[in-house]
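Trainee: So the protein lines, in turn, are chains H and F. Residues in the first sequence are numbered consecutively from 1, following the numbering used here. Residues in the second sequence are numbered consecutively from 138, following the numbering used here.
A couple of the hints might just be wrong.
Stated by the list, open to error - Stretches of chain H that chain F covers, calculated by requiring three or more beta carbons in the stretch to come under 8 Å of a beta carbon on chain F: (1) 69-78; (2) 84-97; (3) 125-133.
Note that these hints are calculated values from the structure, not bench results. From the three backbone atoms N, C-alpha and C, an ideal C-beta is built for every residue, glycine too.
Okay, here's what each chain looks like letter by letter:
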Amino acid sequence: MKTWASIVIATVVAGAPSLALAHHSFAAFDRSKKVVLVGVVKDFQWTNPHAWIQLVVQDTQGHQTEWGVECGSPNMMARTGWKKGLLAPGDQVVVTVNPLLDGRPNGSLVSITLNDGTVLGPGDAPAPRPLGSSATR
Amino acid sequence: MSAPIRLALLVVVATLASCGAPQPETGAAAKPRGAGERGFAGVFVPTGSFEDPAGPPPFQNTRWPATPPFTAWGAEESRRLADPASLKTCSPNGPVFFMSEVGIFPLEFLEAPDQIVILREASGMPRRIYMDGRAHPEDLEPSWMGHSIGRWEGDTLVVDTVGLNGKARAMNGVGSNARVSEDDAKPRMPSSDKLHLVERMKLVANGELLEDELTIVDPKTYTEPVILKHYFQRRPDIDMLEYYCNDNPREDTVVSGPGK
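Construct the complete structure from the given sequences, taking the supplied hints into account.
Mentor: In structure tokens form, the structure reads like this:
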């Protein structure tokens, strides 16, 4: 495996992390592995069925690799604090993904740290409410 | 006309109207008999999650059977749908998928005098339940959502659905082999054009939960009926959002690398 200056292969976690992406199979991703990418946003696609971050990551030799990072749907993301305007081309971010099993530069978003330190996940279902609390707005 | 005069006229008209209006009854007999005003209208979030599809007790969703009573055709169709290559991820969901998913996308029930309409945030097509006493047409054309007619049995809405085209996603088809939950590792649960779905919907937990008991009769796919119960929590704090699935169909990139 190449050594990326700005990629950290994180510890293999025990058990699959919680992930609320539902549109399709996630069998292609290695959910036991987390890869941390430090890169520059090339494009942020605020789209269904999934939003995507195109992230340019540079290694120590100056070689650049573009990663595709799959997020949840804008619905699920908006309900956890995401907005379309949170990411723009040129932003430097730290992204943790479950990478593709086959090693190609593509991952399923676990979390992202924005410029201002805000940490967001891939989006989620509406936060559950205990029974008895949903009768009024 | 000045504002005080307009107001005075309104008061007079309202007073006259109330004189002729029948006095409200008390008890169950006072409930309107139409489709509307039964308290079903509103946004509901399916209970349960991928990590815990049954949801919290005591109102727990029925889990899909681990060993479905497949016919030979049903077993083969289940295997076919388990292949990610066969999954058309933006296909319409179908009525069972609508009513048995866990809590990612809300449903909205709309009540009109002669129809109840159910919208699912992740699906562009509504479920339209005719409440005007009509029967299923004899020359019914197959469709994604089928033809639904409903009637009230007390406070229970009984919905009968036929006329499916058999092309909707598997009824538990969120993500085959996703390994997100136990349910996702179970066999795909297909439905065919022979599906006959009978649902009994009612409000429980002081109206906060909507219970749907689904009886899935599909002799082409299953040798016996499959019965599921699912619960939906009323969420007036949530508004429905848009979801146009084909906006950016990048499924290919999951297997072919980045790029739009």
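Trainee: How does the coverage statement for the stretch 125-133 of chain H fare against chain F, requiring three or more residues with Cβ below 8 Å from a Cβ of that chain?
Mentor: holds (count 6)
Trainee: With a cut-off of 8 Å between beta carbons, are at least three residues of the stretch 84-97 of chain H near chain F?
Mentor: Three-residue rule not met by the stretch 84-97 of chain H, so violated; n is 0.
Trainee: Please verify the coverage claim for the stretch 69-78 of chain H: does it have three or more residues whose C-beta sits within 8 Å of some C-beta in chain F?
Mentor: Holds, because 6 residues of the stretch 69-78 of chain H bring their Cβ atoms closer than 8 Å to Cβ atoms of chain F.
Of the hints listed earlier, the one the structure fails to meet is number 2.
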